[in-house]
Amino acid sequence: MSWQDWASGVLLLLGCGFYLAGTLGMLRFPDALSRLHALTKTDNLGLMLVCAALAVRAESLRIATLLGVVWLLGITASTVSAHLIARYARRSKEAEP
Amino acid sequence: MPGKPAKPRARERMLWMLQTATALLIVWLALDGTGTLWVGAIFAALGAAAGAWLVPGEIYPWRPLRLLLFFLYFVRDSVLGGMDVAWRAFVPRLPIQPSLVELKLWLPPGLPRTVLVAVVSLVPGTLSAELADDTLHVHALTPGAATSLPALQRRVGRLFSIDPPEGS
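So the sequences go chain by chain: A and B. Okay, so the first sequence: first residue is 729 according to my numbering, each after it adds one. Okay, so the second sequence: first residue is 706 according to my numbering, each after it adds one.
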């Protein structure tokens, strides 16, 4: 195996580990806001590592750049939706008697 | 900073348009390669022009070198944030102590404020819960997590060449 295969393998496994940690955090953390912490941050790092793993074995700079764009779009979507869910969770908690 | 002359707004808009067109062109190149570069150039310019025309309020161009620096900080914080929360999810005694804190925003509405609210959720231990007027309600996973936020706000300000007010 070439060094690219090794590097991308390690990065992929690490990335999947963070996805696993995010899921675990979502199941274990006590309230909606804390669960969002687990999802946004581990998904950000997990996606970063998976994209880096694929960029290492990409055949051209174009594909590597595209993977960077994928990561940026992914974290933009994740941070915006986290903010919207957090806002909704906070408001519905306030509305309770 | 008192006594500073007002910057001409048309120049800022032009600069912002150029930056946006460059970013769009890079995305086009990544998606489609150099074969159809001329189509991409036309539509990147059109998209950036439409943005510069339609964006309400002040426009704040970013500084290229500072963007690179900000990006490096952001990657570092992302790694730290991911590792921090992953560790907390795995430890059996669940070492979290959530609280809500308030952050007074001096960054102006528009891109600078949007960037801050987005990045707060991705750096270690903090989550943007709600933006109300000039206050950002931040959910902190641990008591000390929110102490880095004033520095983060200054860093975003530096990216867009906005000076923090006195005493912050």
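If you are wondering where the hints come from, they were derived from the structure by calculation, not from laboratory data. Do not take every clue at face value.
Claimed, not checked - Part of the chain B face toward chain A, derived, beta carbon under 10 Å: (1) L723; (2) A726; (3) T727; (4) T739; (5) L742; (6) R793; (7) A794; (8) L827; (9) S866.
From a predicted model like this one, the values you see are computed outputs, not experimental measurements. By construction, the Cβ of each residue, glycine as well, lies at the ideal position given by its N, Cα and C atoms.
ask   = What are the numbers of the hints the structure violates, in ascending order?
value = 1, 2, 3, 5 and 9
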